[in-house]
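All chains, full assembly: derive it from the sequences and hints.
One line per chain: the protein sequences are A and B, in this order. With the working numbering, you'll find the first sequence wraps up at 550, consecutive numbering, no jumps. With the working numbering, you'll find the second sequence wraps up at 550, consecutive numbering, no jumps.
Since the hints were derived computationally from the structure, they do not count as laboratory data. Heads up, a few of these hints could be off.
Which copy is meant is left open, so a pair is good if it fits within one copy or across any two.
Below, simulated DMTMM-like cross-link-like pairs (lysine to aspartate or glutamate); rule was C-alpha separation at most 20 angstroms, straight line [stated by the list, open to error]:
#1 K256 / D489
#2 K250 / E144
#3 K276 / E231
#4 K140 / D409
#5 K165 / E212
#6 K165 / D230
#7 K256 / E492
#8 K305 / E190
#9 K250 / E149
#10 K249 / D148
#11 K385 / D350
#12 K415 / D298
#13 K498 / E257
#14 K276 / D350
#15 K208 / D148
#16 K250 / D409
#17 K140 / E257
There are 2 protein chains.
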Amino acid sequence: MRFAMPMRQSQLFTKVSRELPKDETSLNAQILIRAGFIDKLAAGIYTYLPLGLRVLNKISNIIREEMEAIGGVELLMPGLTPKDVWETTGRWATFDALFRLQSADEREYALGATHEEVVTPLAKKHTFSYKELPFAVYQIQTKFRNELRAKAGLIRGREFLMKDLYSFHADEDDLNRYYKIAQKAYFRVFERVGLLDRTYLTFASGGAFSKYSHEFQTVTEAGEDLIYICDDCQLAINSEIIADQPSCPSCEKTELRQAKAVEVGNIFKLRSRFSDAFDFRYADEQGEKKIVEMGCYGMGPSRIMGTAVEVHHDERGIVWPASIAPFRVHLLALAQKENDKAVLAANQLYVELVNAGIETLYDDRLETRAGEKFAEADLIGCPIRLVVSDKTLKEKSVEMKKRGEAAAELVRMDKIIGTLKSLNQ
Amino acid sequence: MRFAMPMRQSQLFTKVSRELPKDETSLNAQILIRAGFIDKLAAGIYTYLPLGLRVLNKISNIIREEMEAIGGVELLMPGLTPKDVWETTGRWATFDALFRLQSADEREYALGATHEEVVTPLAKKHTFSYKELPFAVYQIQTKFRNELRAKAGLIRGREFLMKDLYSFHADEDDLNRYYKIAQKAYFRVFERVGLLDRTYLTFASGGAFSKYSHEFQTVTEAGEDLIYICDDCQLAINSEIIADQPSCPSCEKTELRQAKAVEVGNIFKLRSRFSDAFDFRYADEQGEKKIVEMGCYGMGPSRIMGTAVEVHHDERGIVWPASIAPFRVHLLALAQKENDKAVLAANQLYVELVNAGIETLYDDRLETRAGEKFAEADLIGCPIRLVVSDKTLKEKSVEMKKRGEAAAELVRMDKIIGTLKSLNQ
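Listed below in structure tokens is the structure:
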């Protein structure tokens with residue numbers, strides 16, 4: 126997952142399309158397909174094309190860093206999970222969204238939709254004493270869910286990427302302590318991917334073992350959830366529990382703002398729901414066997430990618446936050462022939478950008494009109510557009526424009542690397 | 126996938142086990158499970174634990190670099206693939222190893238066992254003219270195969286990681302040209318992962334469209350294939366075609382050496398097998414529609430990991446090639462109490478190693494006996510073992526031993542970083 130790799134558009138096999146994709150009603154998927162980030166294979170099932178995979182990897186690596194900062198150790202569990210572990214917890218019969226299948230030797234499996242059934246017996250094999258607690262493991266892995274409706278593009282897929290972290294504790298106090306630490310780590314991720322200002326910690330149903338769980342809900346019209354926001358406390362309540370909890374959980378205000386939102390993360394005190402099922406116990410300081418307390422913490426890189434597009438776009442295309450843009454700079458050469466001055470100058474600038482470690486997508490195509498190049502650059506949405514043309518070269522300059530702003534400026538060719546390095550974008 | 130991250134064994138939740146795992150007959154899985162690299166969930170289905178995931182990522186990144194060096198652009202296709210694309214090629218009925226399943230809305234899918242059925246229509250959407258050819262795309266992705274026998278550990282899994290590259294060409298000559306380039310890239314991968322000296326380019330059955338395909342077979346007793354080697358030409362023939370091809374394809378020698386081997390890669394001239402099925406054509410210079418020629422190139426990072434263990438081990442455990450070892454250095458502190466001189470000195474050395482960018486696994490456990498630490502270090506198999514104890518400290522030194530060698534040497538504490546940097550290992 127190296128990101129320094131530069132890319133010439135003449136070598137990128139994907140094309141930008143002018144047409145709206147058929148059979149695609151969600152805005153995020155429409156734009157991402159047109160811009161050549163993803164391809165739709167079936168309802169809720171997408172290929173990540175080179176540009177899209179770069180975005181997905183950037184989001185995943187931000188999540189990785191924040192999970193490791195709170196002590197998470199990465200592993201990778203299988204997608205094929207045998208029926209017996211789901212029977213142990215009783216979820217084989219009750220988990221509707223499980224894809225079920227059989228192998229040639231007639232064993233039954235579920236495709237992993239979540240991994241409590243795998244991680245709990247795994248952790249049990251390696252944990253014996255209180256000295257080994259607490260610990261936390263996570264993975265970033267493809268999940269499968271048999272969703273009836275899959276019409277929201279990357280926001281609700283039948284196949285999607287998920288980060289799931291699981292924590293293991295000696296008692297409830299320690300679980301509560303870590304749960305707060307994880308909450309903060311989640312907000313750091315949403316800050317880094319550019320979703321913080323419209324993402325709310327949201328109280329949701331807690332299941333049998335906990336009063337509440339917490340979701341992280343990002344406000345957007347594309348959201349499939351309805352939340353009630355307390356703007357004083359920056360907290361929200363999911364509509365599923367608004368009947369039981371009609372006021373702000375913090376200030377108890379009852380005038381709450383209703384909004385559609387996407388659940389970009391959720392965290393859950395599992396308590397002993399799964400450790401009971403697998404009889405996962407440890408020896409305490411007196412040698413007494415005690416049940417392990419667990420938490421789980423989910424977050425979807427592909428869903429974050431779709432949500433980011435819903436939030437950060439305009440009528441011309443995507444406006445990527447710099448942290449997750451496929452490339453920081455989109456360099457356009459406006460020229461028709463291989464030996465045109467503008468092409469030679471752009472080639473040289475491209476090498477300088479790459480050598481300076483600035484991630485650059487280079488539109489080096491010769492037969493594409495200037496207007497088309499501009500339109501495609503806006504659609505793809507890299508933070509900074511640089512244009513080299515005969516006109517800019519007369520001023521020994523390159524034209525620089527930020528994607529989110531209307532104004533362009535000329536920057537002297539010998540100052541452009543320094544200017545880009547000084548920009549906080 | 127950052128590898129600089131250091132690791133203290135006290136924080137690594139997995140444990141090394143003295144016992145042979147039950148229900149596991151393959152040597153690679155037995156050692157990898159005992160050493161805490163993988164966990165077996167079901168036949169042919171494994172979890173990659175933190176140490177194992179590091180090895181898998183290192184192998185994957187070596188493959189990535191070599192695929193990008195031959196122009197491969199990375200993307201990521203789905204695991205769920207709809208029935209209709211398999212019907213288009215006729216493989217829904219004939220591909221025995223496909224896992225088949227249904228969604229809630231009664232659509233049928235196969236789990237991706239290979240991706241010609243996805244990549245061909247995808248490439249077709251983006252390719253119109255001869256100017257866009259040739260190009261090559263690849264992915265590193267989880268594959269699923271409904272194998273009847275799955276008893277070879279990581280060598281034959283029901284779920285496994287695979288790199289699959291697909292190339293697209295205007296004519297057969299260009300396919301042949303690229304096919305040779307890919308062959309060389311494969312040997313560079315096998316050289317870098319430490320398998321070159323026993324890996325042979327092997328002639329195998331070519332199917333309907335090509336006389337031969339080529340496999341890359343690594344000689345080991347764990348192999349499920351039988352090959353016939355010409356030691357003069359360093360070529361081999363798979364037993365499946367030995368009746369049709371009883372002599373060396375290069376020198377025609379008939380005395381060939383028989384050996385068991387693992388197929389660590391295979392490359393195949395698909396020709397128009399799949400472009401015909403999807404009617405994938407391009408416009409040539411005269412505007413005439415011509416069929417696209419395709420090649421496919423497979424290689425399994427998880428299978429390479431299992432094969433590397435079969436090849437590189439001794440009676441005490443794994444002897445990782447440095448390029449794919451989970452850590453380069455295994456640092457052992459031999460002491461019982463937190464304030465022991467040896468612990469303080471090892472803590473300091475650990476920080477220096479990390480700051481010097483040397484990947485280090487630090488056995489900082491206080492209650493583990495020295496003999497156990499040595500045995501575990503041998504089992505885990507990092508290339509270089511460093512030991513800090515009261516005895517070495519008397520000489521102001523650290524003991525250094527290479528995993529593959531018997532002799533240890535004392536190196537002055539203030540020289541150890543420089544010594545490690547100068548080692549070609």
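So, going through the hints one by one against the coordinates:
1. In the homo-oligomer, the alpha carbons of K256 and D489 lie at most 20 angstroms apart only across protomers (14 angstroms), although the nearest pairing inside one protomer, at 59 angstroms, exceeds that limit.
2. Only between protomers do K250 and E144 lie at most 20 angstroms apart by alpha-carbon distance; the minimum there is 13 angstroms, versus 54 angstroms within a single protomer.
3. In this assembly of identical chains, the alpha carbons of K276 and E231 lie at most 20 angstroms apart only when taken from different copies (16 angstroms versus 33 angstroms within one copy).
4. In this homomeric assembly, K140 and D409 come within 20 angstroms of each other (Cα to Cα) only across copies, at 19 angstroms, whereas the closest approach inside a single copy is 61 angstroms.
5. For a Cα distance limit of 20 angstroms, the shortest separation of K165 from E212 across copies, 18 angstroms, qualifies, whereas the shortest one inside one copy, 34 angstroms, does not.
6. In this assembly of identical chains, K165 and D230 lie within 20 angstroms of each other by CA distance solely across copies; the values are 18 angstroms between and 33 angstroms within a copy.
7. Proximity of K256 to E492 under the C-alpha cut-off of 20 angstroms is restricted to the inter-copy arrangement: shortest distance 11 angstroms between copies versus 66 angstroms within a copy.
8. Only within a single protomer do K305 and E190 lie at most 20 angstroms apart by alpha-carbon distance; the minimum there is 18 angstroms, versus 40 angstroms between protomers.
9. Taking CA atoms no more than 20 angstroms apart as the test, K250 paired with E149 passes between copies only; the shortest distance there is 16 angstroms, against 46 angstroms inside one copy.
10. In this homomeric assembly, K249 and D148 come within 20 angstroms of each other (Cα to Cα) only across copies, at 19 angstroms, whereas the closest approach inside a single copy is 46 angstroms.
11. Taking CA atoms no more than 20 angstroms apart as the test, K385 paired with D350 passes inside one copy only; the shortest distance there is 6 angstroms, against 58 angstroms between copies.
12. In this assembly of identical chains, the alpha carbons of K415 and D298 lie at most 20 angstroms apart only when taken from the same copy (14 angstroms versus 69 angstroms across copies).
13. Taking CA atoms no more than 20 angstroms apart as the test, K498 paired with E257 passes between copies only; the shortest distance there is 18 angstroms, against 57 angstroms inside one copy.
14. In this assembly of identical chains, K276 and D350 lie within 20 angstroms of each other by CA distance solely inside one copy; the values are 14 angstroms within and 46 angstroms between copies.
15. In the homo-oligomer, the alpha carbons of K208 and D148 lie at most 20 angstroms apart only across protomers (18 angstroms), although the nearest pairing inside one protomer, at 35 angstroms, exceeds that limit.
16. Within a single copy, K250 and D409 get their C-alpha atoms as close as 17 angstroms, which meets the 20 angstroms cut-off; across copies the closest is 61 angstroms, which misses it.
17. Proximity of K140 and E257 under a CA criterion of 20 angstroms is satisfied inter-copy only: 11 angstroms between copies versus 52 angstroms inside one chain copy.
Checked against the numbered hints given earlier, the structure satisfies every one of them.
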